[in-house]
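From first to last, the protein sequence lines stand for chains A and B.
Numbering of the first sequence is given in my numbering, commencing with residue -17 and proceeding in unit increments.
Numbering of the second sequence is given in my numbering, commencing with residue 2 and proceeding in unit increments.
No wet-lab data here; the hints were simulated from the structure.
In silico DSS-like links for lysine-lysine, alpha-carbon gap of 30 Å or less: (1) K281(A) - K271(A); (2) K41(A) - K177(B); (3) K63(B) - K51(A); (4) K287(B) - K51(A); (5) K41(A) - K287(B); (6) K304(B) - K36(A); (7) K304(B) - K153(A); (8) K177(B) - K16(A); (9) K271(A) - K99(A).
Quick caveat: nothing in here was measured; it's all calculated off a predicted structure.
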Amino acid sequence: MDWRQLWDIASAPDNVPIVGMIPLLAFFIYLAWKQARANDRLIGELETNPAMAKTHHRKTWPFRPGWQKEVHVWPFLLRIEFLAAIIVTIILMVWSITLYAPLEEPSNPNLTMNPAKAPWYFLGLQEMLVYFDPWIAGVVMPTLIIIGLMVIPYIDTNPLGGGYYTWKQRKFSIGTFLFGFIVLWVSMIIIGTFIRGPGWQWFWPGQTWDHNRLIYEVNRDLPDIFGITSNLAKGIFGAIVVGGYFAIGGFVLHALFRRYNPNDYRRMSLLQYSIMQFFLLTMVALPIKMLLRLMFHIKYVWITPWFNV
Amino acid sequence: MPEENGNGKNGNRVGLLERVKAGVKEDVHSLKTDMPAKAKEQIDLLKDPTKTQVYTSIFRHKHDDTPRNRALGVLSNVFLHLHPAKINRDAVRYSYTWGMGGITFYLFIVLTLTGVLLMFYYHPSKVQAFRDVLYLEHDVPFGKLLRNMHRWAAHLMVIAVWLHMFRVFLTGSYKKPREFNWNIGVLLLVFTLLLSFTGYLLPDDQLGFWAVTVGTNMARATPGLGHEGPFGKQLGMTPYNDVRFGLLGGSIVDANALLRSYIWHCIGIPIVASVLMIVHFWRVRKDGGISGPAPVMLASEVKEPRK
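Chain A on its own, in the form it takes in the complex:
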């Protein structure tokens, strides 16, 4: 174990936010989970006891009939905002006094940084460059992420779970979001920060960054494995595989979704349903392609003269 280097990476000023974000995220997931569990327990009780459901105020926090339902913003909300501002300012002050913003040598187009890393919040996209060509990783994927986030309210037809933490009532949507945000986005940032070294090669945490390391990986394309050589056949084969992924994957998703999420399935219109299918399958395609590359050294699936996937 190269502890020294591990420390160097973790304590690099620009990486400190990531190191700080991990426990922060863990804390907030715990906080949300705790409240979701309490709410779910309450929902369970109310469902089995209709008489209680009629009178209960339906929150996990205590409320007595004599209490006012509303409080004045001044001072009850403003004092929280004021305190939050002070606390953030103190954190920021201490952070700024103790840790200096990085400043490297003057920019020099003739001297490439190795590894040249994007700002930490874009490392997920940079990591995707390993598995996809830049037009997918750098342009199409970010666009799809933004559009995908924007369509969420219009394809989530579940009327339950608005305004409170719950898991039981929204398993599918919360599960999907956790997969996209934590498993894909955050963990790829962590990989990009802690695991990718010189030449964007994979170095396990604690493994010394060797600037001279060469890896003789023979990356193959999927058509090669099937002995397809002509360009036309490669293009057709790739289209079939990618199309097949969306067709079969869509069918599997359909079979699962209508079984395990019948209410949402019933409520969704054809447009909502197909948009959800498209985004979900595209999102799942990312880890599939990662596994294909990391385990089977497959570079491209679909090869055409104009673009490769």
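Knowing the structure of chain A, use the given hints to seat chain B on it.
The following block gives chain B in isolation, referenced to the frame of chain A:
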């Protein structure tokens, strides 16, 4: 008052002098008697400055602890009037809200203030930029603190925005009637990242230069609009007319790119983001305030929407 038969007589002149003397005496006397009285009055008034005209012209209402004044304290203040006068008693629970939206906005204000101060010391030119940062770090009083605060506040803001989005998702707060505001929020998230990214190049050091090089190299692979992207060549894209050229103001990351990223960072994106923020906050109120903590709903109570 002129004498009726006065034609150069001495007596009249003496009379005028006497009258002036008497008048001055009266003035002096009034100074002696009135001024102390006025001074006392003034001091009494200053003992309660809230009664002065200056004070009442600024603050339109009293601040005693009455429901009316608590409400007016929020409603009659331009900075606070985004809030309603009263909110649900549970809505102030930060275990529910996490306060991340407010913290994001606060960090935006901190970044604006520190950013304006940084602009005093910075020239967005290849010759000056890096030296300005060195000057800032070593010679400007508190310059290093200023730059550190700007950078760390930016990183903190990215984290706060993500956590805000995370909370809004987990509480289902994007659901009807808040769909549109979620979309504004997504755009604000994108602009937050772009703000941070455009600032990355400004010190003109190796870190920023290569990060921006890597970042904008992706633009040349834009389908149809980049010279290396799918169908780019077929549509006539070259390194000198594609979308990357437009972003950088050239085919390489150089002086024009520095100027462009400076203007986007300091003027362009902040204006757009501010407009979106106004809409975002406005819509929070118009969509019924903060989403919760709402009473839980049971599956058996769902009303099927009309199709």
